[in-house]
Structure formats: structure tokens, C-alpha cells
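6 protein chains.
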Amino acid sequence: MIRLQNKLDFNYGNIKIFSGSSHPGLAQEVAEYLGVSLARRELVKFPNDNIFVRLEESVRGKDVYIINTASAPVNDNIMETLIFCDACRRGSAARITVVMPYMPYGRSDKKDQPRVPITARLMADLIQTAGADRYITVDLHAGQIQGFFSIPGDEVSSFHLLSEYLLEKKLENATIVTNDLGFAKKGRNYAATLDMPLAFMEKRRTSNDAKSEILSIIGDVNDRDVVIVDDEISTGGSLMNTLKAVKDNGARDIYVVCTHGIFVGPALERLKAQPFKEIITTNTVPQMHAKSMLPNLTVLSIGPLIGEVMARVHDGRSVGEMWNE
Amino acid sequence: MIRLQNKLDFNYGNIKIFSGSSHPGLAQEVAEYLGVSLARRELVKFPNDNIFVRLEESVRGKDVYIINTASAPVNDNIMETLIFCDACRRGSAARITVVMPYMPYGRSDKKDQPRVPITARLMADLIQTAGADRYITVDLHAGQIQGFFSIPGDEVSSFHLLSEYLLEKKLENATIVTNDLGFAKKGRNYAATLDMPLAFMEKRRTSNDAKSEILSIIGDVNDRDVVIVDDEISTGGSLMNTLKAVKDNGARDIYVVCTHGIFVGPALERLKAQPFKEIITTNTVPQMHAKSMLPNLTVLSIGPLIGEVMARVHDGRSVGEMWNE
Amino acid sequence: MIRLQNKLDFNYGNIKIFSGSSHPGLAQEVAEYLGVSLARRELVKFPNDNIFVRLEESVRGKDVYIINTASAPVNDNIMETLIFCDACRRGSAARITVVMPYMPYGRSDKKDQPRVPITARLMADLIQTAGADRYITVDLHAGQIQGFFSIPGDEVSSFHLLSEYLLEKKLENATIVTNDLGFAKKGRNYAATLDMPLAFMEKRRTSNDAKSEILSIIGDVNDRDVVIVDDEISTGGSLMNTLKAVKDNGARDIYVVCTHGIFVGPALERLKAQPFKEIITTNTVPQMHAKSMLPNLTVLSIGPLIGEVMARVHDGRSVGEMWNE
Amino acid sequence: MIRLQNKLDFNYGNIKIFSGSSHPGLAQEVAEYLGVSLARRELVKFPNDNIFVRLEESVRGKDVYIINTASAPVNDNIMETLIFCDACRRGSAARITVVMPYMPYGRSDKKDQPRVPITARLMADLIQTAGADRYITVDLHAGQIQGFFSIPGDEVSSFHLLSEYLLEKKLENATIVTNDLGFAKKGRNYAATLDMPLAFMEKRRTSNDAKSEILSIIGDVNDRDVVIVDDEISTGGSLMNTLKAVKDNGARDIYVVCTHGIFVGPALERLKAQPFKEIITTNTVPQMHAKSMLPNLTVLSIGPLIGEVMARVHDGRSVGEMWNE
Amino acid sequence: MIRLQNKLDFNYGNIKIFSGSSHPGLAQEVAEYLGVSLARRELVKFPNDNIFVRLEESVRGKDVYIINTASAPVNDNIMETLIFCDACRRGSAARITVVMPYMPYGRSDKKDQPRVPITARLMADLIQTAGADRYITVDLHAGQIQGFFSIPGDEVSSFHLLSEYLLEKKLENATIVTNDLGFAKKGRNYAATLDMPLAFMEKRRTSNDAKSEILSIIGDVNDRDVVIVDDEISTGGSLMNTLKAVKDNGARDIYVVCTHGIFVGPALERLKAQPFKEIITTNTVPQMHAKSMLPNLTVLSIGPLIGEVMARVHDGRSVGEMWNE
Amino acid sequence: MIRLQNKLDFNYGNIKIFSGSSHPGLAQEVAEYLGVSLARRELVKFPNDNIFVRLEESVRGKDVYIINTASAPVNDNIMETLIFCDACRRGSAARITVVMPYMPYGRSDKKDQPRVPITARLMADLIQTAGADRYITVDLHAGQIQGFFSIPGDEVSSFHLLSEYLLEKKLENATIVTNDLGFAKKGRNYAATLDMPLAFMEKRRTSNDAKSEILSIIGDVNDRDVVIVDDEISTGGSLMNTLKAVKDNGARDIYVVCTHGIFVGPALERLKAQPFKEIITTNTVPQMHAKSMLPNLTVLSIGPLIGEVMARVHDGRSVGEMWNE
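Chains as they are written, first to last, in the working numbering: chain A, 267 to 591; chain B, 267 to 591; chain C, 267 to 591; chain D, 267 to 591; chain E, 267 to 591; chain F, 267 to 591.
Bear in mind the hints are in silico, worked out from the structure with no lab data behind them.
Be aware that a few hints might be false.
Stated by the list, open to error - Examples of chain A residues toward chain C, derived with CB under 8 Å: (1) Y299; (2) L309; (3) V310; (4) P313; (5) V319; (6) P339; (7) N341; (8) D342; (9) A353; (10) R381; (11) T395; (12) A458; (13) T459; (14) L460; (15) M559.
Beta carbons: idealized from backbone N, C-alpha and C, even for Gly.
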């Protein structure tokens, strides 16, 4: 038997965390969690709409994290992230991790009709092409999007954060309702953890008129509180449908839970006008404006989770153990 | 204004169709649909378990299709397909299309726990590495698996084939029941096309004992016929659960519909012992043995659909138009 | 001696030309030049800022051209182009050519300071990653950007178009002045073709104050007409400097010639207020608004040149012969 | 002159060694040599023949070795290895080394007839595609197979192990006979090291009947002991030929030496029935069954050699120095 | 059953054949065989040693062949070939085939000692990187070098050409002697085809002095004519050894046969001074000078074979059929 | 807030510096600057013109630098560098940096006419293909060539070295003259730093005779000393033109400054015959011969700059800070 040399775990260099322009508040929160300062950088959008990035600190041999989310303007934020990667790569970073809490184009994840793109795969390819070595994100629209990447990555789940918040409410006589049939399996996880029954919103087009739809709730919500769950609220259109359907079926208090509170277009006006008991989301995108509009909006910060994952990725410690897995 | 030269559509060379060893009957059916003969090849498995392929016809400048499905022995069939691709590539084929009606490892399509592979993505990478230019498959476990490929491909849907067969049965008072919550959205498509209500099988572990499960049907099946739908039946385990649950909830006749009737392990014995009215599947894998075991098994041939897609791929005509899209 | 089979030139399939949303007028002009109709497509920007493309005609086995320029909003137009490529690739196009008359990020073509990106190279990589087989563009900021691409491409020169227009003016006693020392060599080409002397604008920072600059004209412009040449006018800042310098040095009539009249930020207001005799540019970006603002703006259409190059690319005929090379 | 910072050698992280299912005994031997425990993992072959791997220890930032050989079932073992790599890559291993003592498909290493694959190259590509950073193997069928890999690797030679064992036998009046002309050069190395003369087995088809062969020994074996050398014994077919030929030419005691004692099909029965003095091989594949069948089989363990190479690879110390090179 | 559209074989465009500077005579021979003219090109080596290539004919959409062999100056010829490929690729050739009859660095095909390159694999990678789609070569040093390429290729064998020439000599009482043990298997092919016995040259270092060697002939050459076979003669050093050994063993007339008569350094002087009956080789490299030096040199032209293979590659017809395979 | 583990900067292993055969003197200078010895290697050019490299020290887990410049014989030096990379990669180096002070083929950096290569891009691709992880070079012909590389690199500027040398001369009444209009912008940098006026050499073909040229100086050199600046002097042809033109325009003392004094073909004879006051260059290529020919040649060593950059690259410290950037 021989003795191997004593080894430390693999060392990717000291940490450097850059914030893109999309969500500096979250980046700051993460940096504070990690006890480090955000690295300095110059971000310019020239009058000709071209984005320019200059790193004001050396990244040579460093373990670099670029925190940028895909809130609007989405394509500017994507390009900024890619350009950031290129600057870090050419600046000789030892490792580059793109931290994009809300990954865009998640709903464009398959060809469900002819001659459409799979933009979520394209996103993965672009990020790799720009030089990223890893990614960190929160709750992909479909878990399979992990497989669109060749580089390793960590998908952080907001499930524990959100379900624990709900557990503390000690709701009784409540039912989980999935806002979309594609979320049925994740809805079941909420139902199981919260020990509630499960119901589904089904939307079906009527045969004679393509515009008119039949909305039905499969499962029982009558005289019960309802927790509508989904991964993302965008314009709030389907949520309005579900709200109507559960109300028509006799529901009492309505809670809404989602990871990504995107709230675009008419969303905030719509939600404000409706009698939701509480809308619970996270700050994977900035929520300042939404909070000022919706008094019953609860925003749970995803920052500590992202920070903890980054610490473990940087240190080479297990991320899975965060969930006792 | 100038005049462009008259052009034909792009020409990938004459067609050559090879059958792997997994499903010669389907390959033959496709070849007959297309009015061509299968190309000759030598397939050997040496005593040392190494597979050898020799093409007995020149593929130089030809549009080659390799028809091989992923029935057991799965890994032999995968390797055979990859080796086939290599032989065609080095034999200077103009284009190579892998036709794999049942794509293996579809359920390994995301990291739903730490430190597991995404083997479905690996499969896509292996097929591309071996030299395939395109793929054709039937009903992927998740549509997102399309995005695991960089090469273009055509996912043939068995939905029209199966739903038209069901329509002709003119079932009344029947309910669609999805065997798995991940199939909820596709279950809705069956329900809408057949104009039936929808119900879901939910399986939940009880808190005190990891082995014991609570099975429930969400939606109404009492005193109704039931059509259980899923993409694949493997050991039949979940189907047994669903069967029990719908029976307990008062269901009458039970139909089962799935694209991929894999029927492995105890499946055929289990299914044979149960009072299913009819089990309907396709021949994406060989069904000879299953048909001899299950008198109430109906196998719809996927051959003409695959043949038609291949004809359109070869000719450069729209595949989407097959579905009026 | 043997006889080879009779061959046609390589055939990339019938032509399909799509217009992105940035410059439909130019796409229309090109289509008319080629005697074909633009292919139908659906372009949507969803409320969540995600772009969606659906091709409304089959591209299977077709020779596809996507015409999209990089006018503002630049990053939206880039992403739209990439998504378009992905849709065409997955739709089984035989060949995809990105026609981007004005290529963005051209000035970010080298690391002239530490820790900056080379975004022009990134652009080339992104276009290739998205599936483009070729590109066509007009007057890159630096010819070396061709080398950023691995795929073949055609850089169309506007030099003949612009210089012939100037020749017809039969200017006498005129001097070519380059607006930027990086354009010196191309300025010499104008001077040689028009048989005019050459002068240069030099800008130098004074040692004691970083903001103040010394502007000087190297070469003789006194009592002469002046043709200021550059590849691009963006905000018009340097042009204002050159204008002042040549005026201070006794110049008479001032003409301005550039390929890309981007005219962003304060450009149109600035230019309008100055006594330029004529500003000559092309429509590599839309010029409708600029034309309404600047009465002395002449826009030469690049459409026929692009159309002719596309015809030759499609037919497999020499592009170099267009310039007798 | 400046002073560089003090550096350690490159550090790939702590070691993690996983055993695949093909040869746990060898993996255990290696682990013992290195004084570490094998890492825990779950290996399942589902009833549908799909292989599943789950790493039960974190590999994040670790230097991972996957020990798996290509004994039967060969294609299962290949796929298992590839899936293992994917799990380690996605689990963020710092470096992944595939340790495959017997590399399959080695005889499929060139196109010696039209339209056949080069499966050994395909193997190298598959291993790289799955995410391996390095490989370790023993005695490739042809040294050129090293060049099929782009990733670095270490081909361990069993020559010293086997030749030193033979030296200790102090054979006199013995001749080395190569079992195959492709092994002539390596046979010469045995002859030179053992200071024995060399002879060759030649097999030639007779002109009138493709089935009948003329076997001849080139060189002198009459009244001499014979050591038949080859890289691999598979079915033992050629060995039977060589045995007959040397016997016919008057040989006395017959020894057989090979690296890879695969012994498939009729091999063990054949060998058992023949008067070999001793058959010497290594455990690059499991030899338990062969040892129980063949009393005159000597198995030299390759474990310590592989362990020593792994130690040096892990520590960044020279492997070449093991052979004083 | 449906009817596929009538198809021609795949069409790679009209043929264009360029000759590099290494072997214009062979290129001319091939062009004549194919009944076409060589395409015009400008080849310059600037005073600063940089090579410049300009194609004087359009290659857009053409099936291009670049004929260049690796005679001295080898590295100039390699770089010229690579630069040629780049010019063709950027000039939009439809397909590029590198025709390199003598592939350099063939003997650097494995790591037979630590810390050496595998330059033959590097060559394959360079050729692919430069844009070649295929290669054609003659008699690689090892067949496995085919596997160093990912692109398809055709290795032309000179075996039939050379063996038929020998057959016509009707040699009696002759023995094939392989010049190198690595050529043993190919030597056997000569022996079998010519129906001659086989012998081997073995070279072994003596233990006490690294410089002194023992040369022996294994097999019988006494009072027989001898045909020494090898793939390549370079300096002729081993050939001198073999010559001495067969003479010492009583051989009569000595013939030498090899594919690649490189004849470098002292080769021609050495060979001229020795009593070879005939030296037979091909013109995979230029042989003008060798022919003027060696009166008993017979050069068989490889031109028609290469031309025939190119015709079949261009037309998409089987190459294997040339050898009735 | 959590505490990250203490980390060192990323560690690429101990340094190993190899010198190629082109410029051992510079490599020695660099090694001395860094206080290390050059690593031992065997470099052979075989009689058949094939280059062979063997590393005589282990590079396993080392941070390797290969110093080789592109002086004549250029293509041999390129191939030697690529082969060196391959040996290091297969020898398991942790990181490979190609240090090529004078990068060849820089003038072949764009298609300025049809059907020519972009050999500078090809160079970048070849270096990456051979396994280099980084490059270090001095003053590329165009900064954009950085963008030809995907791997990170450091372009060392000789500007400070040369301009500080000139500053110390305290020239008065001197003018900077750019030898080529492509160098205008860099000429301006010299003029600004030295606080001198700027003039340009313009060369124009006359219309009636392609051979005759009009040479003119734009800017004032009459009765002034002149400093002619360029990146490279090759044959000295344009320098002769500029010399004549400034002399004709009344210049007094003539200095010449360039980074790369290649001096090929007639250069040294030409320069020797002319009344240059001083020619100032660096040793990016060996200057021994030039110094013996030209008494007024000043060679500033680039060695310390390269050494300092290598130290910072190795240590993971900022290179940009060398220039206070």
C-alpha cells in the first residue's frame, strides 16, 4: 500500500462576484451573505444600443460569478451576460459561473408545433459559447432544461422556501390547485408536503368556436380555501381564469404561490383588482415595483439560497446536502 | 429584377434503408410502404460480445436511414446503432438518419435528485457523435428531449393514430384517466379530442411509512368506463395501482392506451390476470410475444406513419403538413 | 481517360427569404430584385419580452436567407436573428444564410485595454452556434472581423456604389478627409478612385487636461471642397470635430460619405444644424426617419447589391466577378 | 530577476474511486493499494434494461476515477461507464478518469475492407463525449488506438509483469512464437528480453478452397519449449492452430502468455483439453471462472500497476519514470 | 405504398482540381485521367517565408480536390495544403477533399515512449481544422491512422499495382522478406498472392553494447531470390541491414518493393552502390531525381488509381468495387 | 453571513519552460528573468524532414510555456510548436501556453480580394487544435487577431519600450511618419507620447501604368528629423519608398522604429546602403545576423517584458497593471 500526497479539495481561485445591471439588489444580498464585496465593473449602453462591459478588477485565476437575471429588457440582459462572460474568459478567469435566477425562454422548450425554435436550448448553447463553465438558476420551467446544458449547473429549488412559508400559515380546509396541467406533478409535491388535497384547473377549447373556452376544476374546492400554484406568473391571464373557476366552484380564500413573479403587461392591474388573500413569490426578478402596487404581495428572498449554493460550489462542498439528499 | 436559375429541391441522394437487429418487422413494413427493398448488411455479435456491422451495399452519396429501436437488449441495440452510424459515415453516406421509434432512457431526462446522470441527453450526444445527421422517433417521454439534440429531427406523434382508433369505438359515459401526473397535459388532449371528462391518478406516500402509499383518483369515474392513458407501459406497476383505484371508485370497463408497450418483467403476467377490456398500443417495439400472451391487446402499426415521415424527409417536403399544421 | 458524369453545380434547394422585424423595407427590395416573394412568418414579442418566431412556410431542404440588420433595438434584433436560425435549423433547412447588412458590435473588435470583451467575435460565435451556415454583410468595421467567423461569408462593399455616386458629381478642387485614423487606408482608396488629394483628421489629448483635445488636419484643405469619409456615423461626435477642424482650416463645401448612417442619440439634431452640403449614406439600416429630418441626406440603396450577391450565392456563381476580380 | 510565487503541483482535488459493475474485485485491489475506500454508488439495471447510476458521495471538486472493464456483457459495461461519466460531470467532478483495463472493440481499429466501422475510434469519441478527461487502460490491441483519443491517457504495459514472471522460470532451449503476425514486433520484445529466438505462426488460405488453410511455423521450434505470445485470447481459435503447428514441428512444452485472457465461447473447454504446460495472463477482466476451469492457469494481478499509475496521475508525478523512461 | 420522387445521386457540384506545389506532375496525370484541366491558382512563398495562395477560379458550390503530397520540404507542403483548404472553405466550396498520396508523420502514430507526440493524429486534426471534408491517401504507415480522422476518407492501396507487377516477373524460387516486423502481416499478403514463402528480418540489440545489433533472418532465403517488402524507404538504413543479412544467408537476386520511395539523405548514394536487381516503387512523391540516379529503379504510377478513386468519390459510386469488394 | 473557506489563487502547477529551436537566446533570457532553468527536450529533424519532439522532463500537472517565434524557416517553426503542444497535452500538462513573440501570417488577416485565405485565423485555430490553452505574443499586425483566438491570451505591447527609448533621445524638431496607412492610429500614439507632429506616407498607383507609383508625404517633414514607424520591416521595400519620399521632402536625420525587425531577402543589404541615423527594433526574432550587418541597428530586448507577463500569468496576477491599467 502506498500513501497518496495530502490534497486539498480542488481550488478554483479566489471568488469574484459581478452584478449585471438587471438585479443589483439581489447581487448585493448574495454578496452580503457571502461576506464579500461585489467586484467593480463598468457597464455602458452606448447611444447606438451596443452594450459595453469593462471589469475594473483583475479576474485572472479567479472563481468568477456573474449574477444577472432575465427580467425585462430580457434580450439586453441576455446579451450583457454573454458579453460579461467573454470579458471574463478573455481576462483569464479560472472558472466562470453564470447565476441567472430567472432563465428566460423557458416556455420555448420543445417543438409542440412545426417550424418553431427551441429557444431554451439555444439559450444554453449561447451561454456555453460565451465561455461560461457553470450555471446556477432557480426553478426552471421544466427540469429537462438542465439537459440543454453540457456544462454542469445547479438548479436551486424554491420549493422548501415557499412550502415552509405556507406550512407556517397552518391553513385548514385548503386545497392545492395547479394553475396549469404541466405543473400537475409539482402541484402534487405541494399537496403532499402541506398535507392538502389536490385539484386541477383544466382549460379546453369548445369545438364550434376556437375563442371560447370551457374552464373546469377537477377535484373539490367547494367551501375550501385554495392555494393556486405555478412556476411563474407573467401577464396573469391563466391566473384570472383559475380564479374565476375556483370562485365559481365555491372556493373561499385564495392564495397564489409562484417562484417567478414576472408580472408583465396588465398583470399588476389585474391582480390588484382581485380579491386574492395573498400572493407569495420570490425575488428571482426585482419586485420593488410589484410590491408598491400589490399590498398583499409577499416576496421571499431567494438570496440566501443562492448565496449558500455559491459558497458550496466555490468551496467544492456538496450542494445536494442542503436538502439532506 | 434578375432571374434565379431553376432549382430542384435539395437532393440528399438516393435512399438506402438499413434495419438493425432489434425490429426487422417494422423496418420491412416501412420499406414496403416506401416501395423499396431494405439494404443488405451483415450484423454479427462475436463470441467476445463485440458487435460488428458491414454494409453490403455502397452508401456513398446516399440518403441513409438506420431503423433500430431500443427494445431489450437495450444497450446492445444502442451500440449497434452507433456502430451502424460510424460505418455509414466512414462509408461516405451523404446523410444519415437514425430512426429509433422508441428512444431509451427517456425517464432519465433531468436531475431530480443530486448526482444522477441525464442519460437521455447523453443518448442524444452519443447519436450525434457517431455521425447521425438527423433522427426520427415516436412520442418522446418528454417533448424537451427534442432539445437535447442539436441535429434536426422529427418526433412522430401516435396521438392521431390512437385517438382515431378510440373515436371509432364510440364510447359513451367514459372518462380519460392519466396514469401519471406528468402525462396530465397529454391526457387533456385525449379528453378534448374524444370529448370526455378527465380524471387523474394521484399517488402519495404516507408520512409514517415510506412504503405505504395512498392512491386517489381526482375527478369522477364512478359508474363510468375508463380509458387509462400514458406514454409507456413498462412493468405495469403504476397501471396496477391505477386499475385498483378506478375499480375502487366504481369504474366499469377499463381501456388502456399507450404508445410504447414495453411490457417488461412481470408486466405480461400482471396484465393477463386483470379484467382490462382492451389494451391498445403500437409496435414501436416488437409486439409478437405480447400479442401471444394478451388476447385483448390491440397493436396499431406505426409503420405507415414512420414511412410517410421518411418519404417527406427524403423528398424535402413538409412533415408538419401531415397534421395540417 | 474516363468520363465523369455530367453534373450540375451544387444545389442548395429552392430559395426562401425571411425578413426579420428590423428592416422589412430592405428585405422587400431584395425580394423584388430576385423576383420572389418574402416567405411568411409570425414574429411575436410576448409581454414578458420573450421573442417568438414561427415559420409559416416549410423550409425543409430549402436555401434560406434571413434578412435582419442590427439597428436599434440592437439586442432584440440579434436575439431575433439567432432564434430565427434555430427555427430554420430545427425545421431542416438545407442551408441558412444570415444577411445582416449592419453587423453590430464592430467597434468591440479587439482588447485595446485590459479586461474588455471582443464582442464582435462573440457575435460571430453566436451566429454560428445558432445554426447559420453563411453570412452576408456590408462593410465591416474592420475587415478582420471576417476572420472571426469560421463559416464562409460575403462582405459586400459599398465602395463602388458610393464612389461612383461621388464621381458623377465631378467635384473639382476637393480633398478626401478621413474622419478617423483607423479609416486612413480606406480613405486613400476614395482619394485614388476620385483622383483627389488626401488629408487626415487627428485628435490628440493635451497633456495637462484629459478632457481638452487638440484637433488638427494633416494635409491641405484650405479653400477646397472637402469629402469627409468614414464607415459609420453614430452620434456624429467625431464628425462635429472634423467639421470644425476643416472649417477652421479654410474648407469650402463639406460632403460626408459613410456606409452606415446609424444616426443615434443627438446625431440628427446635430447634423441638421450644420452647413453640410450633402450627407451620403446607404440603407444598411432604415433611413426613413433620418430622411425626414435631414433634407440634404442622400440614401443610396444597398438592396440591389445584396440581392445580386444572394443570387450568386444561391446559384453557386462567383461573387468576386461582380467587381471583375 | 524576479521570484515566482511558491507553487504546489497542480491539484485536481481529493480522490474518489468508483467501481462499475464489471470487475469489483480489481477495483477493490486498486483501492487497497491506494489506501482508500471505494466511493459508494447505486447501480441499477431496471426491468426495462435501462441502467441507472447514482453517486452516493459528493464528487464536487474531486479527482474521480471510474474503474470498469469491458468484459461481457460488453455493451452494458460500456453504457454503464458512459452514464457514470455523465453523472460525475453533472455532479461537478473536477476531473474524471475512465480506468478501463480491457478496452473493447480494439480489433475494429481500421477499415481493412469497405463499409465497415472503426469502432475503436468510436469508443474513444463516446468516452470523451460522456465527459471523461482522461483514460487509463492496459495493452491496447494497437498502440495507435491512443491516437483515437484527444484527451490524454496512460496505456499501462503488462510487458514487464509478464516477462519478469517468465524470466524467473529460467526456461532453456525455448522459443517465442507469435500467435499472430500483427504481434510480431511485440513478440520480438519478449524474445529480446528473455534472450530467446523468435518464430512466427503464419496462416495462409489455399487458393482452391477458401475454407482450408495452410499453417506454418517460420523459424525453428523443433525439440524446443515454446512460449506462444499474443495480446488477447478470445475463443482460442488461433491458439489451437498455433498449438497444432508447433506440435507438428516438434515442439516440447508449450507455454501461453497473453495480457487479456478473455476466454469466451468454447475457449475454456478447448484450452482445458490441450496439453499446455502453463497459461499466463492477467486480471484485466475477471478470472474467477477461468481459474476454476483451468488448473494450469496463472493470473498475475494488474491491480498494483494500475494503482501505482493512478497514484502518479493523481499526484501529478511522472508515470514514465515507472519504467525508468 | 407511396412513390418517392425520382432522385439523382447526391451532387457535390462540378469538379475543380488544384495542384499544390509539391507534385504537379502527378496532379497533371490525374487531371488527364479525368479529362479535365487543373484549376488555376497563384502560389507564392514571400521573402518572409509566409505562403500565400490565391484561387484564380471560383470554387463556389464546387467539388474541390487539392492534390499535394508530403515530400520535402514537408512542413511547407503541409502548411500550403492547410492554407489551400482555408481559401477553398472561405471561397464557399461545396466539398473539399485533400488528396495527399504520401501522408507525413506516419511513424509518429503512437506513444511508444513517454512524453512524445502522436503527430499523425495531429496531422488529421489540422487537416480537419483547416476545413477539409474528406481525404484521399495511399498506403498509410498503419491502417489505424484512418481512425485518426473523423472525416471520411479513402486509403488507396498500391498492393494490387505492385503485386501484379511482380506476378508478371514470374519469379521462381523466391522468398518475400519483410524489412520490418511491423510489416509482417502485409508481407504475408505479398507472399500469399505471389505464392512464395515468407521470411522476416529481425534486428535485436545486444545486451552489452547499445549500438551493436544482431541481425537475423527468420525463415529460409538460402540460394533463393529475395523480394524485400516495406511500405516506405527513407534513408535506406534498414534496407542496408536486410540486404546484408539476406546476402549473408545465401540469397541470390534481391528485389525491393515499397509504396513510398522517399529516398532521403544518403539513400540514393547507398542504394546505387548495392547490387539490387530491381527497386520497385510508386510516384506518391516525385521520382524524377531518383530515376536519374538509380538505373534499376522502376516507378509505377499511382496516378490512374488516384484518378479512378476521385472519379468515384465525385460521382458517388462505390470505391470498394474497384477491388471487387 | 457565512464564511467562505480560505483560498489561494488558482494554481496551475509548477512552471516548465521549453524553448523551441527558433530563438533559444530569447528563451534563455526569459528563463533567467524568472530564475528558472529551461526544461530539457530533444528536438530532431529527421532526414525525411519530419520533426520529432521528446520532452525530457515530466510535464504532468505542470504549467507549461513553449517559447518559439516564427522566424524563418517559418513553417517548420509553426509545425514544431504544434507538435510541442501535442507532446505536452498527451504528457498531461495542466496548462499549455504558446509564447510566440512574432506571430506569422499576420498580414493575411482578411479577405481583401476574392478566394484568398485568412491564414492568421487558421494559425489561431491550429494552435488551439494542437492543445494550447493560452498564447502570449508581441504586437500583432492587427489587434483584431486577438479575436481569432477563442483561448485567452496576452498581447504584449512593445510601445512603452520603444517610445521610452525614443523619449530619452530628446529629439527636437522631429516628425513621426507612418510607413503604412494601416499604421496611422498607432503612429498617432507615438506622436502623442513623444509630443511630435505626425505625417503619413501615401502610395498611390497612377492610372495609366499599374507599375508606376506616386509617393507622397501628407504632413510636414521639411528641415525636420523624421522617425519612421511601423510594426514590422520585412524586405524593407516600403521603407525604401518612405525614405526617398521624406528625403525628397527635405527631411534631415532619419530614424526607423519597428517591433519586428524581420529583415528578409534584400533587406539588410538595402538598409546598410542607406543613411539611416538609427534603426531601432526588438528581438522578437533573432537579431544576431542583423546586428553584425547593420552598425546603426539598436535591438531592445523584449525578454524582460515577456518574462514579467509569464510570471503574472503563472501567478494569476493582473497583467493589465503592468501598464497601470
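Cross-check of the supplied hints:
1. Below 8 Å, beta-carbon pairs count as interface contacts, and Y299/A has none with chain C, the closest being about 26 Å; its hint is therefore violated.
2. Because the smallest distance between the Cβ of L309/A and any Cβ of chain C comes to about 12 Å, over 8 Å, the interface hint for this residue is violated.
3. For V310/A, the shortest C-beta to C-beta distance to chain C is roughly 11 Å, which exceeds 8 Å, and the interface hint is violated.
4. Hint status for P313/A relative to chain C: holds, with the closest Cβ pair at about 3 Å, below 8 Å.
5. Restraint check, V319/A versus chain C: the minimum CB separation of about 6 Å is within 8 Å; hint holds.
6. With its C-beta approaching chain C no nearer than about 6 Å, P339/A sits inside the 8 Å limit, and its interface hint holds.
7. The closest approach between the C-beta of N341/A and any C-beta of chain C is roughly 4 Å, which is under the 8 Å cut-off, so the hint is satisfied.
8. Hint status for D342/A: holds, given a least beta-carbon distance of 5 Å to chain C, under 8 Å.
9. Here the hint on A353/A is kept, as its CB sits about 4 Å from the closest CB of chain C, short of 8 Å.
10. Nearest Cβ of chain C to the Cβ of R381/A: about 4 Å, under the 8 Å cut. The hint holds.
11. The interface hint given for T395/A holds, since its Cβ lies 5 Å from the closest Cβ of chain C, which is under the 8 Å cut-off.
12. Interface hint at A458/A: violated, since its Cβ lies 30 Å from the closest Cβ of chain C, which is beyond the 8 Å cut-off.
13. Here the hint on T459/A is broken, as its CB sits about 28 Å from the closest CB of chain C, past 8 Å.
14. At about 29 Å, the closest approach between the beta carbon of L460/A and any beta carbon in chain C exceeds 8 Å, and the interface hint on this residue is violated.
15. For M559/A, the shortest C-beta to C-beta distance to chain C is roughly 16 Å, which exceeds 8 Å, and the interface hint is violated.
Of the hints listed earlier, those the structure fails to meet are numbers 1, 2, 3, 12, 13, 14 and 15, in rising order.
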